[in-house]
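Colleague: Use the sequences and the hints to build the structure in full.
Chains A and B are the protein sequences, given in the same order.
Take the position in the first sequence, starting the count at 1, then add 71; the result is the number in my numbering.
Take the position in the second sequence, starting the count at 1, then add 71; the result is the number in my numbering.
Keep in mind that the hints were calculated from the coordinates and are not lab data.
Some clues are possibly wrong.
Stated by the list, open to error - For lysine-lysine, the following DSS-like pairs were computed, each having C-alpha atoms within a straight-line distance of at most 30 Å: (1) A/225 with A/122; (2) B/191 with A/122; (3) A/122 with A/191; (4) A/225 with B/191; (5) B/225 with B/122; (6) A/191 with B/122; (7) B/225 with A/191; (8) A/191 with B/191; (9) A/225 with B/225; (10) B/225 with B/191.
Unchecked claim - Here are some chain B residues the structure puts well away from chain A; computed CB gaps all over 12 Å: (11) 78; (12) 88; (13) 92; (14) 96; (15) 112; (16) 117; (17) 120; (18) 124; (19) 130; (20) 160; (21) 175; (22) 177; (23) 198; (24) 218.
What the hints assert, rightly or not - Restraint-style ranges between C-beta atoms, simulated for each label pair: (25) A/97 with B/256: 45 to 53 Å; (26) B/179 with A/109: 42 to 50 Å; (27) A/190 with B/94: 22 to 30 Å; (28) B/113 with A/191: 19 to 27 Å; (29) A/113 with B/113: 34 to 42 Å; (30) B/106 with A/95: 37 to 45 Å.
We put the CB at the ideal spot given by N, CA and C, even for glycine.
Number of protein chains: 2
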Amino acid sequence: MGRWEPNARGRLEQAAMELYGDRGFDQTTVAEIAERAGLTERTFFRHFADKREVLFWGAGALQDGLVSAVAGAPAQLGPMDAVAAGLEVIGGYMQERERSRRRQHIIAANPELLERELIKLASLSAALADTLRGRGVTEPAASLSAEAGISIFKVAFERWIGETEERDLRQLMRESLEELRAVTAGR
Amino acid sequence: MGRWEPNARGRLEQAAMELYGDRGFDQTTVAEIAERAGLTERTFFRHFADKREVLFWGAGALQDGLVSAVAGAPAQLGPMDAVAAGLEVIGGYMQERERSRRRQHIIAANPELLERELIKLASLSAALADTLRGRGVTEPAASLSAEAGISIFKVAFERWIGETEERDLRQLMRESLEELRAVTAGR
Chain A
72 MGRWEPNARG RLEQAAMELY GDRGFDQTTV AEIAERAGLT ERTFFRHFAD
122 KREVLFWGAG ALQDGLVSAV AGAPAQLGPM DAVAAGLEVI GGYMQERERS
172 RRRQHIIAAN PELLERELIK LASLSAALAD TLRGRGVTEP AASLSAEAGI
222 SIFKVAFERW IGETEERDLR QLMRESLEEL RAVTAGR
Chain B
72 MGRWEPNARG RLEQAAMELY GDRGFDQTTV AEIAERAGLT ERTFFRHFAD
122 KREVLFWGAG ALQDGLVSAV AGAPAQLGPM DAVAAGLEVI GGYMQERERS
172 RRRQHIIAAN PELLERELIK LASLSAALAD TLRGRGVTEP AASLSAEAGI
222 SIFKVAFERW IGETEERDLR QLMRESLEEL RAVTAGR
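Modeller: Here it is in structure tokens:
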């Protein structure tokens with residue numbers, strides 16, 4: 072039971088995503104995930120706290136990457152440019168379009184997962200605002216820049232996982248930032 | 072039981088808000104709310120579907136008001152100005168600062184209520200984007216303007232319910248819009 076299984080985590084994740092997509096998240100058990108991956112339930116729980124964590128384990132790293140990039144952006148950058156530097160880093164984390172697409176379909180089909188996703192984004196926005204305040208940005212500029220950053224990410228992400236989209240996430244986020252600049256300027 | 076009770080709805084709402092605030096939402100029963108209001112459980116359920124509805128019944132009217140105002144804004148207005156017209160209407164709906172303040176404290180103390188609130192805001196944003204597309208605004212401008220509108224509302228609302236804030240919600244939303252314009256312009 073305790074022996075090393077080559078790429079157990081990746082196999083479990085792959086098996087879970089297939090089952091969540093085919094049967095639905097609620098209809099899938101950990102026993103079935105382990106079986107499909109050719110592993111034991113015990114191995115599953117060595118890698119993931121529960122079924123949900125298979126979908127959300129990357130959120131912490133994403134938030135850390137975003138916050139570090141914004142905190143470490145050149146001091147002379149205004150809040151929106153610092154946020155843009157953070158979005159570039161997020162773009163680096165998210166490269167696997169097909170995986171993101173499947174994950175999003177699973178989440179959209181399940182109200183509880185969708186709620187968890189919204190909580191995650193709200194917490195990302197709060198962490199971002201906090202980081203901006205740490206750069207000396209006052210309120211409400213800090214919260215508004217943070218919210219704008221999350222909006223840009225959400226809107227670009229939705230486009231990125233669109234069936235026919237070929238541009239990468241970074242490019243779409245840059246375009247969304249330009250578009251937000253244009254709409255707020257009233258052009 | 073079926074007789075008319077003067078202002079039953081208002082008395083039930085008042086009793087519920089007091090109990091949610093004092094004991095917590097989960098620790099309050101419908102029987103207790105009815106008792107404090109001097110009414111029956113049956114009367115409660117003639118006015119509210121459940122305990123949560125006491126906190127969320129206004130959301131539908133708010134969304135309708137916002138959507139109508141944006142849909143009916145002068146055709147020559149750009150998306151952000153149309154959203155601003157909608158925010159003015161929201162400002163008209165939300166006048167009772169003390170009630171909003173207490174409601175927000177109740178919601179912030181309960182993860183399930185907070186999730187419901189986030190879902191409500193996401194649905195407001197989606198309805199707003201849809202309305203803007205109906206005005207001929209293309210994507211991603213429609214979604215970004217809608218998200219910006221909701222961000223302005225959220226940030227201004229948080230300030231409005233602050234303990235020492237005296238400006239009204241409309242004024243705070245106007246200021247937040249100006250501030251968003253400034254940060255996105257990089258000033």
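Colleague: All hints are to be evaluated individually against the structure, with a verdict given for each.
Modeller: So, going through the hints one by one against the coordinates:
For a cut-off of 30 Å, the pair hint linking residue 225 of chain A to residue 122 of chain A stands: about 24 Å separates their Cα positions. For the hint pairing residue 191 of chain B with residue 122 of chain A, the CA-to-CA distance comes to about 26 Å; that is within 30 Å, so the pair holds. Taking the CA atoms of residue 122 of chain A and residue 191 of chain A, the gap is near 17 Å; set against the 30 Å cutoff, the hint holds. Restraint check for residue 225 of chain A and residue 191 of chain B: satisfied, since their Cα atoms lie roughly 17 Å apart, inside the 30 Å limit.
A distance of roughly 24 Å separates the Cα atoms of residue 225 of chain B and residue 122 of chain B; the hinted pair therefore holds under the 30 Å criterion. About 26 Å separates the Cα atoms of residue 191 of chain A and residue 122 of chain B, which keeps this hinted pair within 30 Å; it holds. Distance hint between residue 225 of chain B and residue 191 of chain A is fulfilled; the C-alpha atoms sit about 17 Å from each other, no more than 30 Å. Simply put, residue 191 of chain A and residue 191 of chain B have alpha-carbon atoms about 16 Å apart, close enough for the 30 Å limit, and the pair holds.
With a C-alpha separation of about 17 Å, the suggested pairing of residue 225 of chain A with residue 225 of chain B holds against the 30 Å cut-off. Straight-line distance between C-alpha atoms of residue 225 of chain B and residue 191 of chain B comes to about 12 Å, which keeps the hinted pair within the 30 Å bound. Annotated as non-interface, residue 78 of chain B keeps its C-beta farther than 12 Å from every C-beta of chain A; the closest such distance is 34 Å. No Cβ of chain A comes within 12 Å of the Cβ of residue 88 of chain B; the nearest lies about 24 Å off, and the non-interface call holds.
Every C-beta of chain A lies more than 12 Å from that of residue 92 of chain B, the closest at about 23 Å, which supports listing it as non-interface. Listed as a non-interface residue, residue 96 of chain B keeps its Cβ farther than 12 Å from every Cβ of chain A; the least gap is roughly 16 Å. Distance check for residue 112 of chain B against chain A: the nearest CB is about 28 Å away, which clears 12 Å, and the non-interface claim stands. For residue 117 of chain B, the non-interface assignment is confirmed: its Cβ lies about 28 Å from the closest Cβ of chain A, beyond the 12 Å cut-off.
No Cβ of chain A approaches the Cβ of residue 120 of chain B within 12 Å, the least distance being about 17 Å, so the stated non-interface status holds. No Cβ of chain A comes within 12 Å of the Cβ of residue 124 of chain B; the nearest lies about 17 Å off, and the non-interface call holds. The claim that residue 130 of chain B is not at the interface with chain A holds, since no C-beta of that chain comes within 12 Å of its own (minimum 15 Å). For residue 160 of chain B, the requirement that its beta carbon stay farther than 12 Å from each beta carbon of chain A is met, with the minimum near 20 Å.
The Cβ of residue 175 of chain B lies farther than 12 Å from every Cβ of chain A, with a closest approach of about 14 Å, so its non-interface assignment holds. The claim that residue 177 of chain B lies off the interface holds: its Cβ sits roughly 17 Å from the closest Cβ of chain A, which is beyond the 12 Å cut-off. Separation of residue 198 of chain B from chain A is adequate, the least Cβ-Cβ distance of about 16 Å exceeding the 12 Å criterion. Not every CB of chain A lies more than 12 Å from the CB of residue 218 of chain B, the least distance being 4 Å, so the non-interface label is violated.
For residue 97 of chain A and residue 256 of chain B, the Cβ-Cβ distance of about 46 Å falls inside the hinted range of 45 to 53 Å, so the restraint holds. Range check, residue 179 of chain B to residue 109 of chain A: about 45 Å between beta-carbon atoms, so the 42 to 50 Å window is met. As the Cβ distance of residue 190 of chain A to residue 94 of chain B is approximately 24 Å, the hint placing it in 22 to 30 Å holds. Taking the beta carbon of each, residue 113 of chain B and residue 191 of chain A are about 41 Å apart, not inside 19 to 27 Å as hinted.
Distance hint check: the CB atoms of residue 113 of chain A and residue 113 of chain B are about 52 Å apart, inconsistent with the given range 34 to 42 Å. Our hint of 37 to 45 Å for residue 106 of chain B and residue 95 of chain A holds, since their Cβ atoms are close to 42 Å apart.
Of the numbered hints given earlier, the model fails hints 24, 28 and 29; all others are met.
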